[in-house]
Amino acid sequence: MSEPKLLCRNVWKLFGPRAAETLRALGTSATPDRLRAAGLVTAVRGVDLAVGEGEIFVIMGLSGSGKSTLVRCLSRLVEPTAGEIIFHRQNLLAATEVEMIALRRHKMGMVFQHFALLPHMTVLQNVCFPLEVQGMARAAREETARRMIALVGLEGREESFPRQLSGGQQQRVGIARSLAADPELWFLDEPFSALDPLIRREMQDEFIRLQSVLRKTIVFITHDFDEAIRLADRIAIMKDGAVVQAGTPEEIVLHPATDYVRAFTAAVPRAKVVRVATVMAPPEGPAPAARIAGRATVAEAAPLFAGDVQAVAVTDGAGRVTGHLHRQAVIDLMLAG
Amino acid sequence: MSARPAPVTRRRPAPALWLLALRLLALWLPALAAFAALLTWGKPLAPWAFDWPDLLTPPVDRWISDFVRWLLNKATFGLFTFREATRALAAVVDAPYQIVRGLLTEGFGAWPPLSWPPLSWLGVIALVALIGHRAGGGRLAALVAGCFGFIAVFGKWTSAMVTLASILIAVPIGIAGGLLLGLAAYRWRWLARAITPVLDLMQTIPVFAYLVPILILFGFGPVAAILATVIYAMPPMTRITLLALARVPGEVRDLGRMVGCTRAQLTWRVMVPSAREGLMVGVNQVIMLSLNMVIIASMIGAGGLGFDVLAALRRLDFGGGLEAGFAIVALAVALDRLSQAAARPRADARRRPYLWAALATLLLAGVLAWLVPAAQNYPRGWQLSTGTFWNEVVRWINVNYFGTLEAIKTTLLLNVLIPIKRFLLGLPWLGVAALLALAGWRLGGWRLALLTWTLTSLIAMVDLWAEAMTTLYLCGISVVIAMLIGLPIGVAAAERDGLWRVVRVVIDTLQTLPSFVYLMPAVMLFRVGDFTAMLAVVAYAVAPAIRYTALGLQGVDPALVEAGRAMGCTRWQILTRIKLRLALPEILLGLNQTIMFALSMLVITALVGTRDLGQEVYIALTNANAGRGLVAGLCVAFIAIIADRLIGAAARQARARLGLEGAA
Chain A
1 MSEPKLLCRN
11 VWKLFGPRAA
21 ETLRALGTSA
31 TPDRLRAAGL
41 VTAVRGVDLA
51 VGEGEIFVIM
61 GLSGSGKSTL
71 VRCLSRLVEP
81 TAGEIIFHRQ
91 NLLAATEVEM
101 IALRRHKMGM
111 VFQHFALLPH
121 MTVLQNVCFP
131 LEVQGMARAA
141 REETARRMIA
151 LVGLEGREES
161 FPRQLSGGQQ
171 QRVGIARSLA
181 ADPELWFLDE
191 PFSALDPLIR
201 REMQDEFIRL
211 QSVLRKTIVF
221 ITHDFDEAIR
231 LADRIAIMKD
241 GAVVQAGTPE
251 EIVLHPATDY
261 VRAFTAAVPR
271 AKVVRVATVM
281 APPEGPAPAA
291 RIAGRATVAE
301 AAPLFAGDVQ
311 AVAVTDGAGR
321 VTGHLHRQAV
331 IDLMLAG
Chain B
1 MSARPAPVTR
11 RRPAPALWLL
21 ALRLLALWLP
31 ALAAFAALLT
41 WGKPLAPWAF
51 DWPDLLTPPV
61 DRWISDFVRW
71 LLNKATFGLF
81 TFREATRALA
91 AVVDAPYQIV
101 RGLLTEGFGA
111 WPPLSWPPLS
121 WLGVIALVAL
131 IGHRAGGGRL
141 AALVAGCFGF
151 IAVFGKWTSA
161 MVTLASILIA
171 VPIGIAGGLL
181 LGLAAYRWRW
191 LARAITPVLD
201 LMQTIPVFAY
211 LVPILILFGF
221 GPVAAILATV
231 IYAMPPMTRI
241 TLLALARVPG
251 EVRDLGRMVG
261 CTRAQLTWRV
271 MVPSAREGLM
281 VGVNQVIMLS
291 LNMVIIASMI
301 GAGGLGFDVL
311 AALRRLDFGG
321 GLEAGFAIVA
331 LAVALDRLSQ
341 AAARPRADAR
351 RRPYLWAALA
361 TLLLAGVLAW
371 LVPAAQNYPR
381 GWQLSTGTFW
391 NEVVRWINVN
401 YFGTLEAIKT
411 TLLLNVLIPI
421 KRFLLGLPWL
431 GVAALLALAG
441 WRLGGWRLAL
451 LTWTLTSLIA
461 MVDLWAEAMT
471 TLYLCGISVV
481 IAMLIGLPIG
491 VAAAERDGLW
501 RVVRVVIDTL
511 QTLPSFVYLM
521 PAVMLFRVGD
531 FTAMLAVVAY
541 AVAPAIRYTA
551 LGLQGVDPAL
561 VEAGRAMGCT
571 RWQILTRIKL
581 RLALPEILLG
591 LNQTIMFALS
601 MLVITALVGT
611 RDLGQEVYIA
621 LTNANAGRGL
631 VAGLCVAFIA
641 IIADRLIGAA
651 ARQARARLGL
661 EGAA
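As given, the protein sequences belong to chains A and B, one line each in that order.
The letter at position 314 of the first sequence is residue 314 when you use this note's numbering, and the numbering goes up by one with no holes.
The letter at position 104 of the second sequence is residue 104 when you use this note's numbering, and the numbering goes up by one with no holes.
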C-alpha cells in the first residue's frame, strides 16, 4: 500500500467532565476501569488506522463498540479527546472550524443509517442540498444532482418526497446526496442496516458496482460480519472502543486474533473468503483451458470445475498464468467448512 | 430526581400489599399525630405557627412597587431612559397594529376624498375561505367562512375585527419571540437551564398579576394589551421549540454539519424545517392562548369582543355577553382549525394561483363594496340577535326553579364548602409545610422536600396564608368534583370508540372556549359567590381529567389486555387489575393538568367575589398596585408548582414501579 489517504493515530473519545485532563494524567495506564472510576464513559480507545487510496475499509463491531463514534471522530462531528487524524498530510484536529467546513463541503461525503433525508424537500432538492449549502448556482447544482440521481437509478423520482419512497429508494437518495459534491473520502455509517435482507443484498451489489466506477476512499461501518467480508478490502473489528484485529477478510477468517473474532469467523465458509491465489499450486504440467483471476475467491472458482475439469489456470492482474488450482484443493477447502 | 437504581428494586419480588400499607402507616401515622397535636394544643403555645408574626413579614409588595416606580422615573441605560425604551417598544408594536386595524375596521384617512375604506366583510370572508382552501381544502374553507359569517350575522363584525387585529399582531410576535428564545436556549445549554424555571413560573402565575406592571409601564391601550398577550402566549412556544429541536434525529443534525453547513445554515435550513411539525403545535398554542387572553386583555384597553363581554357582564346583560362570547368561540374555532391544517404537510399545494385568487377577490370585493353599501358594512337589518332569548331563558329558569337552585346551593355550601373552608383556614402553616415537605421527601428526595417547604413557608411569610388556604379549598373541592366527573366519563369513553369521538369533540370545544364563558351561565343561575366560582372552575377543569384518563387507558399495551383476556379475566377485572393500574401515571398527569386549569380559572372567578389569592390579585389590578398583585400572583404560582412537582414525582414513581421507565 502506498501512503495512506487517511491516518488515525491513537484516537480517544471519552464522555464526561474534564475528559482530556484525566486522560493526560493517566497516560498509558488509562484502562477502562480506571476511566470509569473517574466518571468517564469510554467510546473510542486508542485507535490506530490507515486507510489507503481507493480502498474499502470496513469497521465492524456490535452496537456499543464505538464504531459510530469513531467514524464521527474522523470527520470531527464528534470532537476526539486525544489523538491525531491525518488527511492529506493535514492534522484535522488542528484545523479551524472554517477549515473543517470547507473540508466537509468538498472532500467528505456521508451516508446515514436512517437516511437523514430532509422531509420537507423533494428528492432533487435533497440531492442538491450539499451543493446549495456551498453556494453553487441553481442550474449547475441541479444538473449535477440529476446526474447523481441517474447514477443511483432513480430517474423519474426527482419530484417525489422522501416519505413517498421505499427504504431502499430513500437510501439511494442518501447515496446520491453524499456523492453530489464529488468527495474523496466517503463515509457510510451502517447504510444498509435499516433495510430488509433482500433489498440489503441488492444495495450491496449496487454499492460494489458504484465503487468499481468511482474508486472512492471508503470508510464503511457495519455490525454485519457477512456484509463486512463481502464488501471489504480490509476490515477492522472493534470491541469496547478498541480495534481488536485489522486485516484483509482472508487474514481475519484464517487467522482470528482472539476468541472474540473467532466467534464471528466460525460460521463463515472458508471458500467465500479464501482467494484462489492462496491455495493454488505452482504451474506444472499442461496448461488447463479454464482461467480465473488470482483475487477471486475459491467459491467463485468452484463452478469452473463442473463436469470433469481437474485444474484451472490462475492469472495475475496482467493476465499471466501464475499457478494452477486443482480440483482436490477446492474440495478440501470446501469440506473444511 | 432521586438516583436510586431501579433495576435492583424491580428484580426483588414485590412485597405484599399489607406490608406496603404497614410501611406507609409507620411513616405517616406519627406525622399526622404530630400534626393533629399541633392543631389541637399548638395555638396558645406557638401562635407563630398559625399566623406568621406581622413584624417579621417582609414588605415585598412595597419593594416591588418601589422598584417599578424607580424603573419608570429614574432608571436609565445611559443613552436613553427606561421610559424612553418602553415608549420605543410601544411604538414598534403600535405601527403595524394601526395598519392592520385600519385594514380591518377603520380604513385610512379622515376626509372623504383622501380616505380609504377598510376591507369589506364580504372580502374578509372570501379571503379567509381562500386561506382555508389552501390549508385544508373545501371543507375547511366552508367551516372558516361559516365561522366568520356567524360573526357578521350576529352583529359582532366590528368588534371581532378589532380583536382579530390585535391577535394578528400578537401572534407573530409571540411565535417569533418564542422561536428565537427556544433556538437560543437550544444552542446555549446554560440559557436553557436559566429559563426553564422562569417558563414554569410564567405559565402558572395568573395573568392579572403582570397586567399591573404592564399597565404602569405602557399605559392603558391596545399596545399594553398586545404585550400582555405576548407574555402570556410566548412561554409554550419556547418550550415546544426546545422539545421539537431535541426531537430532530441526531443523524439529520450530523448530515447538516457533514455537508458543511455554517451555524446559520444548520439552524434555518436543517433544524427548523425538520422540526416543523412540532413547531406548528407551538404556533397553534400561541394562537389559542392569545384568544384566551382576549377578555382579560380588554381590561387594559384591548377593546373588541373582550370588551363587549366585560361590559355585558358589568351590566348583568347575560345574553349580550354570551353572544360576544360565542363570537370569540367562532373566531377561536376558525383560527384553531386553520393553524392545525397548516401544520399538516401538503405536497401538492401551489402558492401562486392562491395569490392571484386572493388579489382578484380583494379587487372584486372592493369594487362591489364601492357600488353596493351592503357589501361594505353588513346591514343592520340582516342582523340577528339571540341576546334577549338568553335573557328570557334565564329569567324563566329563575322564576320557576329559583327555590330548587337556591336549596341545592345552600345545602352544598352549608354542608360541604363552609366546613372544609373552616377546617383549612384553621390549619397551622408550620404543620402544613412540614407535611408537604415529608410528602416531597418520600416522593422525590430531599430536594423536593426543600422546595415544598420553602415555597409553603414563603406564602406564610408574606402574610397571605388565609387567602392561600381559601384558594386551596376552592381549588381542592373543584378538582375533586372534576375528577369524580371526569374519571368515569374517561373510562367509559376509552372503551367505546363512538362515545370517545363525541366526547373528544366536546372537550376540544371546551378547551377552545375562553375561560370567561364558563363564568356566565354559572352567574346567571347562582349569582355571585363561592358556589358559582366552584361551578365555573369545575366546568373548565373537567376537560383534562377526561382527556388524560381516556388517553391513558387507550395507551395501555394491547398485548397486556389480550393476555388478561386469555387468562380469563372479566371486563371488570381487566379494567381494574390491568388497565387502571397501568394508566395510573397518565391519570396522575391528568390530575396535575386539572389542578393547573382549576388554578388559572380560579383567578378569573375573583370577578364573582371569592376571597382568595385571585381576589387579592384582582384588587391590586383595580388599584394599579404592582407589588401586591405580583406577590399574590407568585403565591398562586407557588401553589401550582408545589402541586405540579409532587404529582410529577408521584407519577414518575408509579411509572418506575410499573417498570415503564427508570426511577431517575
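Bear in mind the hints are in silico, worked out from the structure with no lab data behind them.
All figures in this text were calculated on a predicted structure; none of them were measured in a lab.
A portion of the hints provided could be inaccurate.
Said to hold, decoys possible - Derived contacts from chain A toward chain B, CB cut-off under 7 Å, selection only:
(1) F15
(2) V98
(3) I101
(4) R105
(5) A116
(6) V133
(7) M136
Glycine included, every Cβ here is placed at the ideal spot set by N, Cα and C.
Evaluated hints:
{"no.": "1", "hint": "F15", "in the structure": "violated (14 Å)"}
{"no.": "2", "hint": "V98", "in the structure": "violated (9 Å)"}
{"no.": "3", "hint": "I101", "in the structure": "holds (5 Å)"}
{"no.": "4", "hint": "R105", "in the structure": "holds (3 Å)"}
{"no.": "5", "hint": "A116", "in the structure": "holds (4 Å)"}
{"no.": "6", "hint": "V133", "in the structure": "holds (5 Å)"}
{"no.": "7", "hint": "M136", "in the structure": "violated (12 Å)"}
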